[in-house]
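Asks: The letter at position 209 of the sequence shown is residue 209 when you use the UniProt record's numbering, and the numbering goes up by one with no holes.
The hints are simulated quantities; they were obtained by calculation from the structure and are not laboratory data.
None of these values were measured; they are calculated from a predicted model.
Incorrect hints may appear among the rest.
Unchecked claim - What follows is a set of in silico ranges between Cβ atoms, one per label pair, in the way DEER data are often shown:
id, residue 1, residue 2, range
1, R218, Q309, 44 to 50 Å
2, A5, H61, 46 to 52 Å
3, E267, Q49, 30 to 36 Å
4, T144, S120, 23 to 29 Å
5, V111, A283, 46 to 52 Å
Every residue, glycine too, gets a C-beta built ideally from N, C-alpha and C.
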Amino acid sequence: MNLLARYAESIFWMARYMERAENLARILDVHETFSRDTRGVTNWFSIVQLNADEKDFFSRHDRPTAEAVIHYYMFDTQNSNSLLSMLHMARENARALRPWISTEMWTQINVFHNKLLEMSTSDVPMQNLSKVCTWIKEECQTHTGITEGTFYRDQGWYFYQMGKYIERADQTTRLLDIKYHTLLPSPVEVGSTLDVSQWTTVLRSTAGYHAFRRVYPRGMSPTTVAGFMLFNEGFPRSVVMCVRQIDGVLTRLRSRYELRGGAQAMERVDELLSALLSRPIEAVLRQGLHEYLDWIQLQLITLTTEIAQAYFGMDAPVAVQAQSQ
1 MNLLARYAES
11 IFWMARYMER
21 AENLARILDV
31 HETFSRDTRG
41 VTNWFSIVQL
51 NADEKDFFSR
61 HDRPTAEAVI
71 HYYMFDTQNS
81 NSLLSMLHMA
91 RENARALRPW
101 ISTEMWTQIN
111 VFHNKLLEMS
121 TSDVPMQNLS
131 KVCTWIKEEC
141 QTHTGITEGT
151 FYRDQGWYFY
161 QMGKYIERAD
171 QTTRLLDIKY
181 HTLLPSPVEV
191 GSTLDVSQWT
201 TVLRSTAGYH
211 AFRRVYPRGM
221 SPTTVAGFML
231 FNEGFPRSVV
241 MCVRQIDGVL
251 TRLRSRYELR
261 GGAQAMERVD
271 ELLSALLSRP
281 IEAVLRQGLH
291 EYLDWIQLQL
301 ITLTTEIAQA
311 YFGMDAPVAV
321 QAQSQ
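Using the sequences and the accompanying hints, generate a full structural model.
Replies: What follows is the structure, encoded as structure tokens:
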């Protein structure tokens, strides 16, 4: 049977929210590590800044303490960017997709959501934050594995892949921006043990440390790490690899299923891919990595809008999704 626009949108957003939840757990885990260094007092606020949540956060909290930020991003149901809100939205989209997804996919998301719903901030003291974040990451990875092994390969599969890779590319830029922009050390600390330790943590947060060491067995610098996370086509979470996957998905949707529309989205992907392949990391760093990452995020937001217009329809029922990207 043909995939209705509302189901395509729900599949797209279910994938995005599961990927986003995993990456938020990675960000919280990274900050738990960063908070041990000499700038630990201010590090937690950088998560709020990274997600542009300052106004909403301070409407309910006086200061960005570790406890306040952890509650806000894990259990605050009024925050659409919290883990609990993301899991709720993923679950609601999955529930709407019961005729399309496997029983195993639905069961895993449902149980995962309910377990997180039973938890509270008191269950996640600082000494247990990394353990809880690891559990969340593993649950998201379990979802990915179940989906890989049970989701039927029709149009829905391609919309799932498209949502996953758009979100993954966006989140890789955010993880990289944490270190380079909000946690940039003073000039005397560049290349220090602290600096290298933080870059190592960023790589580990993307499960990329061992892959990085295969490419760069000795030494570590902002140039090599940023270049690896942005441009290495063998690394599953690199931005260029994700954009290539998006390009392939859009091409197959048009050629295999003869879906009309999507020309603007394909042009956007072509432009983004060309930009990623045409500029070396040294040039990016000279011109400003933070600004470059912001530009990529803006392109992905625009791409999402173009995909929605092409495939989901302006008058189609809206899948459960947050307003902020």
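Asks: Against each hint, give a clear statement of whether it holds in the structure.
Replies: Results of checking the hints against the structure:
1. Against the hinted window of 44 to 50 Å, the Cβ-Cβ separation of R218 and Q309 comes to about 48 Å, which satisfies the hint.
2. Range check, A5 to H61: about 39 Å between beta-carbon atoms, so the 46 to 52 Å window is missed.
3. For the pair E267 and Q49, the beta carbons lie near 32 Å from each other, so the given range of 30 to 36 Å is met.
4. For T144 paired with S120, a C-beta distance near 27 Å keeps the hint of 23 to 29 Å intact.
5. Checked against the hint of 46 to 52 Å, the C-beta distance between V111 and A283 comes to roughly 47 Å, which is consistent with it.
Violated hint for the displayed structure: number 2, the only one.
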